[in-house]
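**Q** Fit chains B and C to the given chain A structure using the hints.
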Amino acid sequence: MDEFNDILNEWVENRTSESGYNIQQAKQDDLTRLMQLVVNERMAPDVLEYEEELLERILARTRLQIEFIEINSLELQLEKDIKLQLMIVELELERVNYLIRTYLRTRLSKIDKFTVYITKNGDMVKRLSPSEVSYMRKHFEILTTLYKKQFLSRLPELLQLLDDTGGGISMIEEPDLDKPVFVKVVKTISHSIDVNNEEVELLQDGIYVLRYSAIRLYIMIGDIKLI
Amino acid sequence: MYILPSNYNQAYNHIVTTSLTHSTCKLVIFVSCLDVDALCALRILAAVFKKKLINFQIVPIVGYADLATHYTRLDADVNNIILVGCGAMVDLESFLDIDVGQFVDATRSLEAETVLKRKIFVIDGHRPWNLDNVFGSAMVTCFDDGLIGDLALEKDAYNFLVNIDDDELNQEEEEEEEEEEEEEIFEIDETDISRKRKSSSSSPQTKQPKTRKRVIKDNETTIENYYGQGTTVVTSVTSQVYSLVSLIGETNNLDNLWLAIIGSTSLEHQYPELWARLADLFRKEVRRLNHGADEERTADDSRLTVEKDYNLFLLRHWSLYNAFYYSNYINSKILLYTEQGKSKLNKIFAKMGISLSVAQQLWIYMDIGIKKKLHNIFTKVLVNQYGFDSLATEGYFRSFGYNGSVSARDCVEAISSLLEHEENSAPSESDDIDALTAEKEKLWVANFWRSWDALTDLAKIRQGIQLALFSQQLIFQVGHSIIEKKQLKNLKIFRLVVLSSSDYHLSLTAKNDASIHTNTAAGGRKFFLNPLNLMKLGNWLLDTISEVDDTLLPLVLAALDLETDTYLVIGMAPKVPKRGDGGSAALLNTFSVAFQHVANTTGVKVRIDSFESSVIEVRKDDLAPFLEKLTLSGLV
Amino acid sequence: MYGDAADKLVADAKRSTQLTHLPLYQGELIQNIINETNDLQAEVEHLTNEEIVSQTQSQGDRTNQCQLFISHLAMRRNKRCLLAYQRYRAERLQYMSWLNNTTGITVDEPGAAPSGKAADSLNHNEEEYLKKYNELIINYNKEFNESLDLTGDIEPPKDIFIDVRVLKDVGEITTEYGVFNLTKDSQFFVRYNDVARLIQQGYLQRL
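Chains as they are written, first to last, in the UniProt record's numbering: chain A, 1 to 227; chain B, 1 to 636; chain C, 1 to 207.
Chain A extracted, bound-state conformation (with noise of 0.2 Å):
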């Protein structure tokens, strides 16, 4: 691994016209932090906020990628020594792609579970970037379509409703914030949580099993992650 490492980044550098190790830090540390997202994502029982500005740089880095392997591959049988790059970067790629690809779909799933919940919850509609609003609001169109059209028009017009709460259950789902969740800790939080009146407290790099509520805010500012 160690050494795909090395060889991706002389390339990189050879590539790049702006010097310095900043940007390579920071292309690094991108790609850290979409590892995060991807995790965080999976193992939080709401939906998290969209990070916009990470995703677009991190795809449009993509696209240059991909224009290279496509330059490149015409290519091929002049220069034979670029074939081992070709593949480092196209692996690189595939990983970066199924990251990306992971954290939307994880999020859609979510959004798709939750819509009730959400529309009628406007800071969850914040969370959410355009394309998955729009997504949302067009699913919810042709699953009510499909609802009515095969048996809920048919039935009694007090019962046509789809976010019913009378009979004692509630139709609208509701994401779980109790579930609990691991986390570890990044920064000692200074004081202790109450956690269902007991006192916990969270020291850096420990690994604790917790209910998502209580630290949910932690997350939002990353003192905590989840793993």
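Since the hints were derived computationally from the structure, they do not count as laboratory data.
FRET-style restraints, in silico, Cβ to Cβ: (1) A:L59 - C:E43: 53 to 61 Å; (2) C:Q205 - B:D218: 54 to 62 Å; (3) C:K14 - A:A60: 45 to 53 Å; (4) B:K50 - C:E128: 44 to 52 Å; (5) C:K158 - B:K284: 34 to 42 Å; (6) B:P5 - C:K158: 33 to 41 Å; (7) B:E439 - C:T20: 22 to 30 Å; (8) C:D159 - B:K489: 53 to 61 Å; (9) B:T393 - C:Q205: 36 to 44 Å; (10) C:R62 - A:N196: 38 to 46 Å; (11) C:T175 - A:E51: 29 to 37 Å.
Mimicking SDA-like on lysine to any residue, the simulated pairs with C-alpha atoms at most 25 Å apart in a straight line are: (12) C:K158 - A:M87; (13) C:K14 - A:M171; (14) A:K225 - C:E155; (15) B:K52 - A:I82; (16) A:K149 - C:E36; (17) A:K184 - A:M35; (18) A:K113 - C:E155.
Every residue, glycine too, gets a C-beta built ideally from N, C-alpha and C.
**A** Same frame as chain A, but now just chains B and C:
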């Protein structure tokens, strides 16, 4: 053209540089699918190309007709074609209808040397070479085994004849007794293998001095003799590929060596002296690669060792008694198909001091003390008292961590059983010969992939071994009944066996213990319609005969397929009895020439498609006249 | 009993979690449930009218109230079952869409012929839904790079190049990556990306 063994890497480099592409395949490999040797060689080649990240396609084929069909389907982008285990004996350029001009790369050709966009490489051990491939074609590159240098005489003759073709094309044709080019036309759509015999169509001038005519005739005779000497296999394809990979630097790969050994061992039965030659090389390689390996067995251990092995059938996989009983070698030495033979076997065990009950235990449960003493017992009793010289040989063993170890010979048996064995032999509904043959061939291809997978999977090899046990028993049973019922006819020029029922079931006797799964008995139905199985039976019969009868007569076997009403006929060269030194000259198989000739001259319906040209199919009604003509032809 | 039909419906949905293909849409059963619910509604209305009319809270009317209560619950239960059933099927369709299966036909094994019955197991509304959902995905995909195809299996990438075996004899196939000559039972060593679609469509089998 041809390349020497020391130059194999050049071919490899060429292939690698011209096959690089970002997508699609520019390299296609055709492989003969009924050949263990070709299978192993292909595996090594595939691994090598994978390392270089080259896209390629593997197409297993059953015969020359299949090759032609697939070839025409190839797309224009394909730059390199490799034929493994086939192609040496057929003039590829004319057979595949190749227009060489189509492939000339005009931009890169120079005055003296034309560069071709597409090349065909042939790695095949079958001989005789088709001289057009070796000397006459720029597109076909043959992998020489070192013996092409000996063909100087033939080379001159060939060049001479090719040249006069140009000179005297415009001359008048005279009636001569020279051979004319025979255009073989078969009834059913067949391969045109005999075009290799193309001699110049135009006859030389009578105006020319007699010496010229004489010279031409001499050259033609040289060529004819070359082709007429009979077919054989002189090298294992796997060993050629192994040399190739050693040349390009992969010298420490145990897997490759193991595959090379398996591939070469598969030729041991029929071509013992070839194996003896290669065994030397392999022994050295194993010693070299095992240098420094530690003694402890670990879970990831995959060592390759050379140890004592015996000419007993799958010794370690069932009981000692069975291994003796079903071994070709023992059987031929003591004539196990007779009652005396059987009692002799019991006496042998008594002399060895091994009780029958111990001998009939499964090998893995057998007393370790006896196992350790076995070699000594064998030497004392069998070699010295009975004269079984070739009983003890050396074998190559591969261990797979804690899962046990397996010998190369066992692997060969396992893999060839996997190639031969039909999974579901349900009777097919079609009546049409072509459809039935196509089905059969599809099955062979499927078996090919099954065996491919087995090469790396110990569990599958074990399955194969079980199948092999079954096959061997069946062959023995059939062989015994052939000899008892005197179905082996001696026709003075050759011996003949006709298997008229394709229905063979293994009858389990008391000796066969529960290690055989009886649900594989279904394999009996079409068992002998697979050329490999028929050849095994032939081998068995030849071994037996060679001990009993001194006359060296070749053997012809015919097996009837009730569904298509055809006979599968194979011809095999006789065998010289095994001697202690392991040497015996391989007798050449002259049947390929003979079969061709008879087929041409009599017009009987035959189908010659297989890569082994001594395997043909004849219509049921035509068998008798065919055999008659064969006897009379004098070519056997 | 009330709710029996709904039980059957839910059982069907539960059973189809184990199957690779979606079973037939239970149109008749659903109609029964709807009828039952409407009947219940009629009864509820009738009972409510009676309540209003009689205005007595004596014991006798407890049965009425009970019945009212149960009818309400039964109706809601029916509604939930219907929705659960439909939603499960809709989710299966979504799943299919993400796997680029736009026809709604699923097969049990790669390379097997799709069984005829699977093809018409979708109600035509469901087919509509599938089509529209597919469009939705395509539109969403457009927002991102071309190489980032959001559809397909979500498995972490392992190898760039893989071995595949050809299952069907279809001759030459031209994909955007090049031409492949698919002869049955031949084996290819190619880039995974180039053949991913072909694997999904059942032409190739990954080794």
